[in-house]
Amino acid sequence: MREERLLSIRELSKDFGGLRALDRVSLGAEEGKITAVIGPNGAGKTTLINAISRVFKCDGGEILFDNKQIGKLQAHDITGVGIARTFQVVRLFKQLTVLENVMIGSHSRMKTGIFQVLCRTGLARSEEENAQKDGMDALRFVGLEDKAGNLAGTLAYGQQRLVELARALASKPRLLLLDEPAAGLNPREVDMLFNLFERIREQRITIVLVEHNMGLVMSCADMVVVLAQGRTIAEGSPKEIGNNPTVIKAYLGKGWVYDRS
Amino acid sequence: MRSTKPTTILIIVLLVVVATLPLFGKYVTYLSHLIGIAIILALGINIFWGLCGQIQFGAAGFYAVGAYACALLQAKLGWHVAYALPAAVLASLLIGLVTAPALLRLKIHTLALGTMAFALVVYYWLETTASVTGGEEGLRVLAAYVSGYRLGPVFYYYLITLFVILGFIVAERFKRCKIGRAWMAIREDEGCAAVMGINVGRYKLLAFLICCGYLGLGGALFAQQSGWITPMSFGIFYNVTIIFPVIVGGLGSNWGCILGGVVMTLLPQVLSGMQQYQVLVYGFLLAGLMFAPKGLASLLEEGTRKLWRTFSVVAHTGDKTEDRQHCGEN
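The listed protein sequences derive, respectively, from chains A and B. For the first sequence, the numbering used here gives the first residue as 162, with consecutive numbering after it. For the second sequence, the numbering used here gives the first residue as 460, with consecutive numbering after it.
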């Protein structure tokens with residue numbers, strides 16, 4: 162059966178020793194939409210992101226991206242396929258400048274070989290210029306173009322998160338995997354993130370968003386998947402999930418009120 | 460740096476000195492051989508360790524491979540140095556290729572031990588396989604001739620200088636392109652670099668082989684320069700001292716390799732009268748790195764920046780704010 166969704170995860174399982182982190186998880190993300198993955202800590206959300214971004218091999222199931230199996234790819238192949246990600250705890254290259262960090266996002270799109278680069282052929286130089294231009298565009302998108310020359314490690318935490326996002330965008334992905342991008346951000350910064358998501362959606366980039374910030378999730382997600390203890394316990398629109406008693410019991414809490422504002 | 464008259468004059472003076480150095484005497488020429496080779500070695504190690512962040516405690520091993528490969532081809536097979544030299548570099552690359560699968564899967568501490576183990580294996584093989592390598596006595600490297608002219612110290616001065624310049628340009632080009640960025644990404648965060656699209660294994664191998672190449676070249680040049688090579692020059696402690704120029708100059712900086720090469724070669728000469736204080740001075744030097752962890756190159760950079768700032772303030776006092784030029788970073 163031809164898969165309509167851009168990303169399709171079928172019966173995915175992952176064990177860490179005796180711990181079953183993912184237990185036959187199945188979910189999908191439609192192209193151009195924002196799919197949120199929520200759930201308590203230890204539910205397997207980051208494991209899911211790691212699995213899709215091929216940080217490790219899974220023990221069962223399959224991952225389909227654009228109708229192709231990607232479960233056997235190596236980590237460095239995923240940007241070439243069109244998948245980019247950010248991390249739960251910011252992982253920037255601290256001793257490099259902000260622009261250099263973002264330019265690494267373009268790495269897999271630069272095809273020139275060693276000798277061309279060393280001899281500074283026209284092709285190599287134009288590729289480098291393009292990477293720089295794309296990097297500055299990505300920085301402009303997140304509003305940090307004036308920080309391009311600063312060392313990444315010197316930026317404020319919220320800004321570092323944005324640089325990570327710019328780095329992911331520089332690879333011109335079709336799918337963005339975002340692991341708790343709002344963690345550690347103040348409300349104003351979360352608002353900014355929301356606006357960025359809308360602009361990303363306008364470019365038809367698909368987002369899979371792991372998040373604890375329910376305000377952000379409920380206001381921007383098209384689809385919400387709930388994980389708990391390595392299994393999917395619910396899937397649906399934000400409104401459906403917000404009113405789902407199983408979800409409220411497992412994660413949202415009795416004090417939860419669904420209010421899409 | 461901004462191109463102004465004082466800088467251009469300085470550069471011209473330096474170029475003249477470099478071009479005419481052999482005129483300053485045999486001892487100066489001899490020292491410049493050592494400095495040049497130290498810089499070449501440092502540039503290679505800087506690529507693997509400074510840029511790519513992989514510890515290299517076995518550099519003397521590849522250095523020895525280059526030296527002995529060249530010497531053996533000349534002494535036992537009668538090859539001319541013009542062929543023996545590139546062949547020696549190739550030999551170093553081949554040995555690098557053979558050891559890479561074992562070494563490059565190691566990280567940090569185990570990599571340090573692994574590379575050192577390699578160097579030890581080379582050293583002991585050199586010492587014990589007397590039939591091939593001459594054992595403790597070593598190998599004699601006879602002078603080569605081209606059209607009747609003897610290739611002596613002056614020739615090797617220019618050859619070494621040429622390799623230093625080429626080696627520096629290549630190292631700088633690597634640093635400022637996507638390859639250098641990829642290496643530095645691996646240095647900073649290997650796992651993240653992989654997910655960003657960098658084939659970590661392949662880039663590590665590239666850095667490793669380039670380092671082997673530089674080390675092999677340095678070794679071959681050393682064999683010509685010294686005329687007689689013994690395993691003593693490639694002993695275990697040399698693996699430690701061989702990296703001093705890079706560390707003192709600043710890991711990651713190619714200019715630092717030049718500074719470090721000069722300083723660490725001249726230092727023992729300066730201290731030769733005070734043998735017992737040598738270790739003490741080295742100790743202080745390394746302890747001093749606490750104050751300048753990025754090495755001499757960073758001090759120099761800061762120094763020139765502060766100088767420029769002071770110079771600009773003095774030169775531009777009285778300017779209107781709009782006219783004041785932005786004296787930026789290098």
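None of these hints come from the bench; they were simulated from the model. A portion of the hints provided could be inaccurate.
Stated by the list, open to error - Partner residues are not named here, just some residues of chain B that face chain A (Cβ under 10 Å, in silico):
id, residue
1, Gly607
2, Phe633
3, Asp648
4, Gly650
What the hints assert, rightly or not - 16 Å max Cα-Cα, derived EDC-like pairs, lysine to aspartate or glutamate:
id, chain 1, residue 1, chain 2, residue 2
5, A, Lys255, B, Glu760
6, B, Lys634, A, Glu289
7, A, Lys255, B, Glu647
8, A, Lys218, A, Asp238
9, A, Lys194, A, Asp383
Glycine included, every Cβ here is placed at the ideal spot set by N, Cα and C.
We went through each hint and held it up to the structure:
1. The interface hint given for Gly607/B is violated, since its Cβ lies 36 Å from the closest Cβ of chain A, which is over the 10 Å cut-off.
2. Residue-level restraint check for Phe633/B holds (minimum Cβ-Cβ distance to chain A is 7 Å; threshold 10 Å).
3. With a cut of 10 Å, the hint placing Asp648/B at the interface with chain A holds, because the nearest CB-to-CB distance is about 5 Å.
4. With its C-beta approaching chain A no nearer than about 7 Å, Gly650/B sits inside the 10 Å limit, and its interface hint holds.
5. Between Lys255/A and Glu760/B, the direct Cα distance comes to roughly 20 Å. Violation of the 16 Å bound is thereby established for this hinted pair.
6. For the proposed pair Lys634/B and Glu289/A, the alpha carbon gap of about 13 Å is at most 16 Å, so the pair holds.
7. Restraint check for Lys255/A and Glu647/B: satisfied, since their Cα atoms lie roughly 7 Å apart, inside the 16 Å limit.
8. Distance hint between Lys218/A and Asp238/A is fulfilled; the C-alpha atoms sit about 14 Å from each other, no more than 16 Å.
9. For a cut-off of 16 Å, the pair hint linking Lys194/A to Asp383/A stands: about 6 Å separates their Cα positions.
Hint compliance for this structure: hints 1 and 5 are broken, all remaining hints hold.
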